[in-house]
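J.: The primary structure of each chain is shown beneath.
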Amino acid sequence: MSLNRSTAKPLLRVEHVSKIFARGREQFKAVDDVSIELEAGKTLGIVGESGSGKSTLSRCIIRLYEPDAGRVFFDGEDFTALSANTLRRKRQDIQMIFQDPLASLNPMMTVAKAIEDPLIIHKVGTPRERARRVHELLELVGLDPTAANAFPFEFSGGQQQRIGIARALALKPKLLICDEAVSALDVSIQAQILRLLQDLQAQLGLAYLFISHNLAVVEHMSDDIGVMHLGKLIEYAPVKEIFQAPKQEYTRTLIASVPYIPRPGGRHIRQPSLEETLIDPVQSASQRETTPG
Amino acid sequence: MPTPLLEVNDLWVEFKRPGGIVHAVNGVSFSLQPGESLGIVGESGSGKSVAMLALTGLIARNGKIVRGEALFDGEDLTRLSAHELREIRGRDIGMIFQDPMTSLNPIMRIGKQITEGMLLRNYPPAQAKARATELLRRVGIPNPEQRFNDYPFQFSGGMRQRVMIALALALKPKLIIADEPTTALDVTIQDQVLTLLDELREEIGMALIIITHDFGVATNHCDRISVMYAGELMETARVDQLIARTAHPYSVGLLESTMEIGHGKQPIQPIPGNPPSAMIVHKACPFAPRCRFGTEQCFEQKPPLRRVEAGHLSACHYAEEVMQHVAEQIHS
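Protein chains in written order, with this note's numbering: chain A, 475 to 767; chain B, 11 to 342.
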């Protein structure tokens, strides 16, 4: 599946990546032959339900998991072929933010230290330059400079995610992977963080791989969308096409499942009649092996 | 007007903490007719869950109802003893929570959990088992006779929530309180669980309170909605009124912050700022610092919850102007 775009050099190109996990004697393909592309400064949304493989895919991209097949090209380089040392250096350009910012921040580190940490690890700048950068980053994500000396637990969920974003941006990455980055936040705070990400993209030319189970959120953020189901990329198209002319039944089901507000003159209240799909990824993976479809 | 099933008047709930008093619910009033479904919408810390938990006697020991009454079927819940409340919970009021894994006993077979309440109330065991199996079938659990002996971990998240619903229905309650019942579920499953609750409500004629942060859920599955902020009620209205003639700026902001499909990639318009600390008792409008309609009056004078049309209440000095603004937006 490809978008047939004439992009000579995408920032990220994932080619036929697969990742297999074993549970007992059973194996299952968490990611099954997925290929995607992402241009600099753009957003690729990846949607899917729990167990669809969307997070595993992102971990394969930065080689937190070693993919079992396929290749990942980032900024013209074959990421999958890099040595551990080179990889560590190159990974500066790809950063991640997660669903629970508190769990991804060291509780014993002040905010300033948490944001400075990646700069220290990668030996960037003098202490004074780093302090200036921390100050800059706090401002960039809309936090008061006085936040610097506080600890993560002292902040609300939305502010913690801002700290996570500041830390992720410290090394000036080209790609930010947002893995359910707003899913745990309240509606009004979620909107604030999404707006912040939109503004940062415009300002810094960041590319986003935006992973979420929430179709409405992904639509607001993305240029292209990939729909994952049981490890496979089942649909992959520009955002408009996905929402106006979804080709897969599963995509249509996903779209129909998102509650919308029944506004006057809007769509009629939908009466869904979906049979619950009792899918166990392991089971269905082995079923797929035995019953070629 | 028929007698309401639940009528809450001027409810105040506080928690004592080492750092001071948390004012979680500050003078909330609402009512619910038999068979009606009410959505209580608000963000974390708005007091929406605490209000309902306090009524059913489920708040922590450092919390208490300091004022107000809650007439349920003519009885004031706030005056009942822990023992009396326990009788009402389960029998007359069933509850469903966000995370069925933490609400179900992980080491007890689900059949036993569903029949437990019935057996305590002297149902003959065979009858209790038959009813539990029937309930499991009704909430959509395949092979209920076999699944009866399974443990919670043997079910998926959506199936577990169905088990919770069966458990809540066991003693034929008049009211089900569902606290973020689908927040932890995948979208497709979320939709199925809510549809099931709709069907059951119609079938059994029970009333339903859905506590949610999600306007999408509340507008599609409730008759009326109450919006809470900082422990106070901002607006109460029928769903159609709330959407087409929104009369509180906070509701407007929340509606605008709700992500919907069909807009494409576009800038999002969030409500600025953060909710206030619950350690403060608000002498003026708690939303004023974040409000785009706010004036000096809003920082000085508390707007009373007042009627802006039949069945529609708003706690905003400028409710009429807000309604006007919303009407213009819809027509433009």
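By construction, these hints were calculated from the structure, which means they are not laboratory data.
Be a bit skeptical, because a hint or two may be false.
Listed below are the simulated SDA-like cross-link pairs for lysine to any residue, each with C-alpha atoms no more than 20 Å apart in a straight line [stated by the list, open to error]:
{"#": "1", "chain 1": "B", "residue 1": "K275", "chain 2": "A", "residue 2": "D697"}
{"#": "2", "chain 1": "B", "residue 1": "K275", "chain 2": "A", "residue 2": "P619"}
{"#": "3", "chain 1": "A", "residue 1": "K714", "chain 2": "B", "residue 2": "Q123"}
Which stretches of chain A does chain B cover? Using the computed rule of at least three CB atoms under 8 Å from a CB of chain B, they are [claimed, not checked]:
{"#": "4", "segment": "705-718"}
{"#": "5", "segment": "725-732"}
Here are some of the chain A residues that sit facing chain B, going by a computed Cβ distance under 8 Å [said to hold, decoys possible]:
{"#": "6", "residue": "S492"}
{"#": "7", "residue": "I536"}
{"#": "8", "residue": "L538"}
{"#": "9", "residue": "R669"}
{"#": "10", "residue": "A690"}
{"#": "11", "residue": "V691"}
{"#": "12", "residue": "I735"}
By construction, the Cβ of each residue, glycine as well, lies at the ideal position given by its N, Cα and C atoms.
J.: Next, verify each hint and record whether it holds.
T.: These are the hints, each one checked on the structure:
1. B:K275 / A:D697: 7 Å, holds
2. B:K275 / A:P619: Not OK: B:K275 and A:P619 at ~31 Å, beyond 20 Å, violated.
3. A:K714 / B:Q123: 48 Å, violated
4. 705-718: With 3 residues in contact (Cβ-Cβ under 8 Å with chain B), the coverage given for the segment 705-718 of chain A holds.
5. 725-732: holds (count 6)
6. S492: Since chain B brings no Cβ nearer than about 23 Å to A:S492, farther than 8 Å, the hint is violated.
7. I536: For A:I536, the interface hint is violated, since the closest Cβ of chain B sits about 25 Å away, which is over 8 Å.
8. L538: Violated - the Cβ of A:L538 stays beyond 8 Å from chain B, reaching only about 24 Å at its closest.
9. R669: 5 Å, holds
10. A690: Interface hint status for A:A690: holds (4 Å vs cutoff 8 Å).
11. V691: 5 Å, holds
12. I735: 5 Å, holds
In this structure, the hints that do not hold are numbers 2, 3, 6, 7 and 8, in rising order.
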